[in-house]
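Q: The residues making up each chain are set out below.
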Amino acid sequence: MTSMQDLIKLVIVTPQMTLFQDAVAFIQVPAYDGYMGFLPGHAPFVSTLGTGILKCGSRDDPQICFSISGGYFEIHDDEMIVLADVAERPEAIDIERAERARERAIRRLTGEDAGNWDLERARAALARALNRIRMSQNGH
Amino acid sequence: MAQLREIRRRIRSIRKTQQVTRAMKMVAAARLRRAQEAIVLARPYAFKIRQMIEHILTYPDIPEHPLIRASANPAVHLLVISGDRGLCGNYNSQVFREVERIAGKAGRNLELTIVGRKGADYFGKRGYAIREAIRDRDTSTPGELARRLFLSLSERFLSEGVGRVAVTYTEFKSALSQKVVTEWLLPLAFDPVDTPIHCLDYIFDPDPGVILDKVLPRYLQSQIFRCLLESRTSEFGARMTAMDSATRNSDDIISRLTLQYNQARQAAITKELIEVVSGAEALKG
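Residue numbers (this note's numbering), protein chains in the order written: chain D, 1 to 140; chain X, 141 to 425.
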């Protein structure tokens, strides 16, 4: 039986809803500078979120994943709040939509689609699409 | 006889109207339930993002962010959230009255962004300074709309076209009660936190100024999103109540007309009887 001391209370919220709320043993976050891991007892920390896969695990379920894009997180006193712009569970991902988004972003970035596209946004869209595809293909 | 047919026709037509109002009431009730759930689900984000900003702001030596900075410019920009459609009681007209009250005080210094066809029509005819009118509110989701409004409003504020930005929307209290309120959006205001010391040992990556730079716009957008959700839910509530009372009104009218119809029928029968009887009497005599 684990005591509360070696768990982190994790809350993942998006503008639309609360996606996840539970105590977990570790958390891996796509942070500003790349992936970061958090264990219980971490110092207070605030950072922004990139695009990637958030992994966390409880003793019962060692691998819980979310595809995450943009936002912020804060950890203090073994409580982590993730404010994600977009967050999805793998089973909620629409793989066909992600494929279409990837094709569209690639066409825009390579200049195949004529038009005055915002390249920064196209790049971000490509990263999101690839992230979703990767996560749903790994099957978790 | 002509009168009888006339009454019967009216009863039939009111029954048809009643079917429509009853259907609209059902639709509004179903949408209201979903909209209400959306408000509840969206609440944690708005609350947590505010909390996080308050934490960051306790950090010393943070450069004052442009979205927080007060301006001396007296011009005010007002975001008005109304509906696309009528048949919802005084939902829209209450918003109009509130905006007119504000306009009475602000005078020339007021400009509007209007969401909803009803509001765009109303203020368009009355010579207000309208910067933007979104007439097809219902074709985009609240999330998309919030993003669009956030971009144009913050641009207007940051380019110092106006000194303050406010929003007039309808707060949802319950299906029976909605209240029109006006709140300041920009510059953003935060209450000082009581326990600033404990935030000093926070680690920020990137540094707090950069994080704030990203969080504050998100917060503003989530505020606008919340107002849109509240207004939408209020509109469904108002429509449900209005259509419910319309349905009940038509019930009243139908029962009054039925009474009238029966009385007229009775009178006609009596008249015919008298005619028959008096005819028979005349023949006898």
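No wet-lab data here; the hints were simulated from the structure.
Just so it is clear, CB atoms sit at the ideal spot from N, CA and C, and this is done for glycine as well.
Don't take every hint at face value.
As the list claims (entries may be wrong) - Ranges between beta-carbon positions, derived for each pair:
id	chain 1	residue 1	chain 2	residue 2	range
1	X	D347	D	R123	40 to 50 Å
2	X	A169	D	G57	51 to 61 Å
3	D	Q137	X	A169	37 to 47 Å
4	D	E96	X	R275	40 to 50 Å
As the list claims (entries may be wrong) - Straight line, CA to CA, 20 Å or less: simulated SDA-like cross-link-like pairs of lysine to any residue:
id	chain 1	residue 1	chain 2	residue 2
5	X	K188	D	A124
6	X	K188	D	Q21
7	D	K9	X	R155
8	D	K9	X	A243
9	X	K424	D	R123
10	X	K188	D	R123
11	X	K354	D	K9
12	X	K188	D	A31
13	X	K188	D	V11
14	X	K265	X	E300
15	X	K354	D	A124
16	X	K188	D	W117
17	X	K354	D	Y32
18	X	K354	D	V86
19	X	K188	D	R104
Q: The structure should be examined with respect to each hint, and the outcome stated for every one.
A: Now for the hints, and whether the structure bears them out:
1. D347(X) x R123(D): 40 to 50 Å: violated, 24 Å
2. A169(X) x G57(D): 51 to 61 Å: Violated - the Cβ-Cβ distance for A169(X) and G57(D), about 43 Å, lies outside 51 to 61 Å.
3. Q137(D) x A169(X): 37 to 47 Å: With Cβ atoms ~43 Å apart, the hint holds.
4. E96(D) x R275(X): 40 to 50 Å: Roughly 33 Å apart at Cβ, these two residues miss the hinted range, so it is violated.
5. K188(X) x A124(D): Distance of about 25 Å is beyond 20 Å: violated.
6. K188(X) x Q21(D): Roughly 14 Å separates the two Cα atoms, so the pair holds.
7. K9(D) x R155(X): violated, 58 Å
8. K9(D) x A243(X): violated, 48 Å
9. K424(X) x R123(D): This hinted pair is violated, its Cα atoms lying about 106 Å apart.
10. K188(X) x R123(D): violated, 29 Å
11. K354(X) x K9(D): Violated. K354(X) to K9(D) sits at ~25 Å, over the 20 Å cutoff.
12. K188(X) x A31(D): holds, 18 Å
13. K188(X) x V11(D): Judged against 20 Å, a Cα distance of about 10 Å means the pair holds.
14. K265(X) x E300(X): At roughly 28 Å apart (the allowed maximum being 20 Å), E300(X) and K265(X) break the hint.
15. K354(X) x A124(D): Status holds; Cα separation ~16 Å.
16. K188(X) x W117(D): Violated: K188(X) and W117(D) sit about 34 Å apart, past 20 Å.
17. K354(X) x Y32(D): holds, 12 Å
18. K354(X) x V86(D): holds, 15 Å
19. K188(X) x R104(D): Answer violated: K188(X) to R104(D) is near 34 Å, above 20 Å.
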